[in-house]
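Just so you know, the protein sequences line up as chains A and B, in that order.
According to this note's numbering, the residues represented by the first sequence are 1239 to 1528, in order.
According to this note's numbering, the residues represented by the second sequence are 11 to 388, in order.
Hints may contain errors.
What the hints assert, rightly or not - Below, simulated DSSO-like cross-link-like pairs (lysine-lysine); rule was C-alpha separation at most 27 Å, straight line: (1) A:1471 with B:57; (2) A:1273 with B:242; (3) B:19 with A:1241; (4) B:57 with A:1273; (5) A:1269 with B:98; (6) A:1269 with B:156; (7) B:19 with A:1273.
Hints in this document: simulated from the structure, not taken from any laboratory.
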Amino acid sequence: MNKEIEDITKDFYRLDYILNEALATSVFLLKNLGKPLLLEGNPGVGKTVLANTLAQHLNTHLIRLQCYEGLDVSTTIYEWNYQKQLLHIKLFEQEQDKKTLGKEIFGMDYVLQRPLLQSISAEKPVVLLIDEIDRADEEFEAYLLELLSDFQISIPELGTIQARSKPLVILTSNRTRELSDALRRRCLYQWVEFPTKAGEIDIIAKKLPGIEEELATQVVTFIHNLRKSSLHKPPGIAESLDWAKTLLLMNQKNITDEIVKTTIGCVLKHKDDVEFVRNKTVQEFLYPVE
Amino acid sequence: MQAVEKTFKERLIDFTMYCRERQFMLGPQETREAFEIARRGYALDRKLFQYSLKAIYCKRKEHFDRFDEMFDRFWSRYYEEQLEARQKKVKQLKKEKDVDTVIFLGTEFKIPRKQVQEEEAKQTVGANENLRLRMTDFSKVEVADKEKFEELAEELFHQMSMRFKRRLESANKGSIDIRKTIRHGISKGGLLLDLSHKRKRKEKRKVVFILDVSGSMDTYSYYLLRYILVLKKYFKSLEFFTFSTELTHITPMLRQNNELEILKAIGKNVHSWSSGTKIGDSLQEFLSVYGSKFLSQKHVVVILSDGLETGNVTVLKEAVRTIQRKCKTLVWLNPLKGMEGYQPIQKGIVNVMPHLDAFESAHNLDSLLKLEKLLMDV
């Protein structure tokens, strides 16, 4: 393995994130080529946590933009500080001519920076997380193209603002909507899978140091077999951790039918899925995963 | 920083095109980035190169799932070559250590020790550079030798084409035509300088080549293809097919005169290039679609394949038996036959052997040149 990739993997491990070689290579390329990284995968596989960990690894800030339908320029890039502009007009309308006044109130001092503009205005490179981009509208994707390819933002009154420092951009998507080819082509791509059984046991052991290996193995085996069933929402790593934490608090040594019935709510978040598991025995989910 | 070798660059472009043909969305930007990672030396580490290209070339999950297999198929040979080259270099360095250095009149001479000399003597068969390359298996041509190998292949194929031409000319000469010779002599003052021959009726030579272009034949297909292109000029009727999982009739693409253009056209039109092998099904298709047109007692059929059948062996056996019955001669050229210790024990080959008129190797330039006689006797 390349020395730098090995170092990244070790440091992420120290920060409780287990990278596989392919994902570590993508992080390495993100750092070295400076191209945005698009992470796709099922919910709960650790896409968002990766960005958090990267910021810690680089000892820099994380700027997060949570996407939703109806997201627009004023909430993502910039907005004029109207109150400040009005105040300025009131204060100086007697002293200055209209032209100078107009120029002054459309300066950078009167801009409220939103996450995207903040990320390119920072002194030191930051990690910019554009989370769940598939939830935003296609128009917003179009806004992003300029930032992702040239690391600049155009504000009609001010012109083009070049990045002071290039942010490390991570975009995540749960594939609820197909992203445009234009956006995909501007990014490195990585499909994030659920971790292997051994990997997930390792994650639980790292996050919950007091857990016994037997219980951690049972939790992971149960969850891995659940993921193979056709559920409305397969459990992610966060659900595995929540469940393991609950069982640990309840001083459980093994998973029993009784315990599954009372605590399965930590793992499954859909009524039909809960019913599905309650109608089965624990043993059906505890056979070893191949 | 590492310099990107020319051959590597070409290979990388080929890989980009290979991915593009498989619906990967790749433009100049991706190619530039691939070169950038190669320039940074990431290609020296196979896994790093694979995962880097994967992150750059894949744009959706469907690409991501297929990429590793495509990468392995395309780059395995290259990395094996690199490994062999490195091992050879280590051996070379070891050998260099086994030399005695003598300074004679201010010049340093390296004299191999006796033991090394003996080893060298055993290898004198390949001492001559050209001879060594002639004997090199197509799949084992090292990166460093590639250019020289191409030149040699070009030269040898040219010489072969001249030999064919001469043989055909002399074969077409009949007995001396006295009347014609005298008539031509009149213009030269009655001197009979050039003898005119009675023209012998040209016998139509009919050959059908069926070339395996599946993944296992990848390294051989290119040279076999070039060999066939040379032959094309000297047969009045030459039909050419390629197959792997499906059969493609190539003859219409051979009409162009430029060899490079022909190779490009074939590369573009053969979709099953480098995929699996269904020899039996492909030969059955040949029989049912083209059999009536291209099979007769005047036809010689040459199948070029390693015989590694993934389909039904009974179908293969039956197809070969039918072809052999319908044609004059059936020749099977197998690159694997040239490998040391090769035994025709693969299921495909075992079943077809009884129905072949000739079973020859076609793994290096030398073996191809030796086929001349076989083809001239057609």
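Within a Cα-Cα threshold of 27 Å, do residue 1269 of chain A and residue 156 of chain B meet the stated pairing?
-> Cα-Cα ~37 Å, so violated.
Given the hint that residue 19 of chain B pairs with residue 1241 of chain A, does the C-alpha gap stay at or below 27 Å?
-> holds, 25 Å
Does the structure keep residue 19 of chain B and residue 1273 of chain A at a Cα separation of 27 Å or less?
-> Distance of about 22 Å is within 27 Å: holds.
Hey, residue 1471 of chain A versus residue 57 of chain B, does the alpha-carbon distance stay inside 27 Å?
-> Between residue 1471 of chain A and residue 57 of chain B the Cα gap is close to 34 Å, so the pair fails against 27 Å, i.e. violated.
Would you mind confirming whether the straight-line C-alpha gap from residue 1269 of chain A to residue 98 of chain B stays at or under 27 Å?
-> violated, 36 Å
Below or equal to 27 Å on CA atoms is what counts here, so check residue 57 of chain B against residue 1273 of chain A.
-> Answer holds: residue 57 of chain B to residue 1273 of chain A is near 20 Å, not above 27 Å.
Are the Cα atoms of residue 1273 of chain A and residue 242 of chain B separated by 27 Å or less?
-> violated, 50 Å
Of the numbered hints given earlier, the model fails hints 1, 2, 5 and 6; all others are met.
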